[in-house]
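J.: The primary structure of each chain is shown beneath.
4 protein chains.
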Amino acid sequence: MQGFVPQDDKYEMRVRESFSRQKLMQTIGAALTKVMPGEVEITLEFRDDLTQQHGFIHAGIAATLADTACGYAAYSLMAPDAAVLTVEYKINLLSPATGESLIALGKVTRPGRTITVCSGDLFALKDGDKKLVATMLATMMSIRDREGLVG
Amino acid sequence: MQGFVPQDDKYEMRVRESFSRQKLMQTIGAALTKVMPGEVEITLEFRDDLTQQHGFIHAGIAATLADTACGYAAYSLMAPDAAVLTVEYKINLLSPATGESLIALGKVTRPGRTITVCSGDLFALKDGDKKLVATMLATMMSIRDREGLVG
Amino acid sequence: MQGFVPQDDKYEMRVRESFSRQKLMQTIGAALTKVMPGEVEITLEFRDDLTQQHGFIHAGIAATLADTACGYAAYSLMAPDAAVLTVEYKINLLSPATGESLIALGKVTRPGRTITVCSGDLFALKDGDKKLVATMLATMMSIRDREGLVG
Amino acid sequence: MQGFVPQDDKYEMRVRESFSRQKLMQTIGAALTKVMPGEVEITLEFRDDLTQQHGFIHAGIAATLADTACGYAAYSLMAPDAAVLTVEYKINLLSPATGESLIALGKVTRPGRTITVCSGDLFALKDGDKKLVATMLATMMSIRDREGLVG
Chain F
528 MQGFVPQDDK YEMRVRESFS RQKLMQTIGA ALTKVMPGEV EITLEFRDDL
578 TQQHGFIHAG IAATLADTAC GYAAYSLMAP DAAVLTVEYK INLLSPATGE
628 SLIALGKVTR PGRTITVCSG DLFALKDGDK KLVATMLATM MSIRDREGLV
678 G
Chain R
528 MQGFVPQDDK YEMRVRESFS RQKLMQTIGA ALTKVMPGEV EITLEFRDDL
578 TQQHGFIHAG IAATLADTAC GYAAYSLMAP DAAVLTVEYK INLLSPATGE
628 SLIALGKVTR PGRTITVCSG DLFALKDGDK KLVATMLATM MSIRDREGLV
678 G
Chain S
528 MQGFVPQDDK YEMRVRESFS RQKLMQTIGA ALTKVMPGEV EITLEFRDDL
578 TQQHGFIHAG IAATLADTAC GYAAYSLMAP DAAVLTVEYK INLLSPATGE
628 SLIALGKVTR PGRTITVCSG DLFALKDGDK KLVATMLATM MSIRDREGLV
678 G
Chain H
528 MQGFVPQDDK YEMRVRESFS RQKLMQTIGA ALTKVMPGEV EITLEFRDDL
578 TQQHGFIHAG IAATLADTAC GYAAYSLMAP DAAVLTVEYK INLLSPATGE
628 SLIALGKVTR PGRTITVCSG DLFALKDGDK KLVATMLATM MSIRDREGLV
678 G
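Chains as they are written, first to last, in my numbering: chain F, 528 to 678; chain R, 528 to 678; chain S, 528 to 678; chain H, 528 to 678.
Everything labelled a hint here was simulated from the structure, so no lab data went into it.
Within a straight-line C-alpha distance of at most 16 Å, the following computed EDC-like cross-link-like pairs (lysine to aspartate or glutamate) qualify:
no.: 1; chain 1: R; residue 1: Lys658; chain 2: R; residue 2: Asp648
no.: 2; chain 1: F; residue 1: Lys550; chain 2: R; residue 2: Asp575
no.: 3; chain 1: R; residue 1: Lys550; chain 2: F; residue 2: Asp576
no.: 4; chain 1: F; residue 1: Lys550; chain 2: R; residue 2: Asp576
Next comes chain F alone, as it looks inside the complex:
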């Protein structure tokens, strides 16, 4: 950690509340396993119904986890009235996502008033080993004063 100071004391509550409204996270069974200023971790147990044609977790799910972890890492440092949107991201898939579970770790590289840049790493846990299987570089945006858009 680079010791980011959140603008809002209640950053963890805001992140957890917003995450709980992401229905996709419930649909795939993802859990928020760490929330710190500028750093968020999401964990997913392996599920056969999330696989691609070779039986690995689909790259899209891997990206979903890393993108969400990056988005909330950025959001944890934003003002209380801001909403976070993903502008874009790029992901490299390094190894098949297999094992018992996946852990996505999103970290803020550089926070900004409008644009926050984050990196995301995705690890697969298998037989006690933790292996880096994907890495992401993402651009998040803080949106304010847009009606109906919170969190």
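Starting from the structure of chain F, add chains R, S and H where the hints point.
T.: For chains R, S and H alone, kept in the frame of chain F given last:
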């Protein structure tokens, strides 16, 4: 279309067979709606259980569709014994993915023996309008002779 | 062209004036060969002093041209008092950049108040043929009211 | 460093020899300031003729340095008869590249037989401070047996 000539007459059958083995596609309800040489389209009806915190289709699902369309666009031009893997992609999210359905169109930009570069566009259909909501640039890889890896 | 309407009648003059202040463009000998609303083209004659170890134009120069074309395509649609900055880009290098000259074509995919997304294509001209050698997807940002930052 | 073991004892000589053939590096005045297995650093003194319209080092030059550092970081781990090519990269520009000099540090994230993924960080040195101004995620490829392509 740039008039790509497939290496394998049965490219459509191979793409459809591989797609049918992607359990995630069934889980989210995505359908293969077009298979041509170097061009593949996937369609998803809007579903509330795939949304993020603002009620839009989650960016991860948008990316999943575009990535899969790009992967099969590349695969349609590969040799019969090849498997396709996503090396990496980058996606820009342009507008919230809302509406009745999403259409992901993947096209080969440049095919290659090892590396194939594709572009993907994601459209949202709403009230008869078709709007570009995301755009992707992806790198796919042809894998051969890797045991157990087909399609 | 998608028929973008510039906010500022003098968009071409603004683009040309800003380009003329880019000393790197003079250093490498790049010329602005087309300026339209949301579309800008930059041309570079092949020069041996811009090559990498295999004698091709260095990927960094290819990216420089495409990035600059994308930036000015975005800038052509911005308000008169805005400055343009590159947030990020991703480039795929498809073929060696060889030949008599390189042409970078930047086009706006989607303009926005803050964020504008562009695509860039780089072509090599050789013996009368025009070949796509690189493709870019870029995110540009409009900056206003920042002291000393114009163009 | 993650303790990568080079395939070739003479990796440093190969990197330095290849770098010396990059005429662009001489043209812009870039120097190879560190070569370790999987990690390469390139340094550039600020030069006014490499600037963009606001007087900062052009993003294209920043990318050139980071791309080259990543490419040689990958190359340092490749077989003696391999050549390295950039497949693609994505760069986020975090802050204006100003100061006395720029340092690009390229590191291998994951080496592979065909594909090597690298990260690159670009720092600006100014008045004794070292500031991260750009970050890159890059895909490099090892090419063998292609006539005339070495280094």
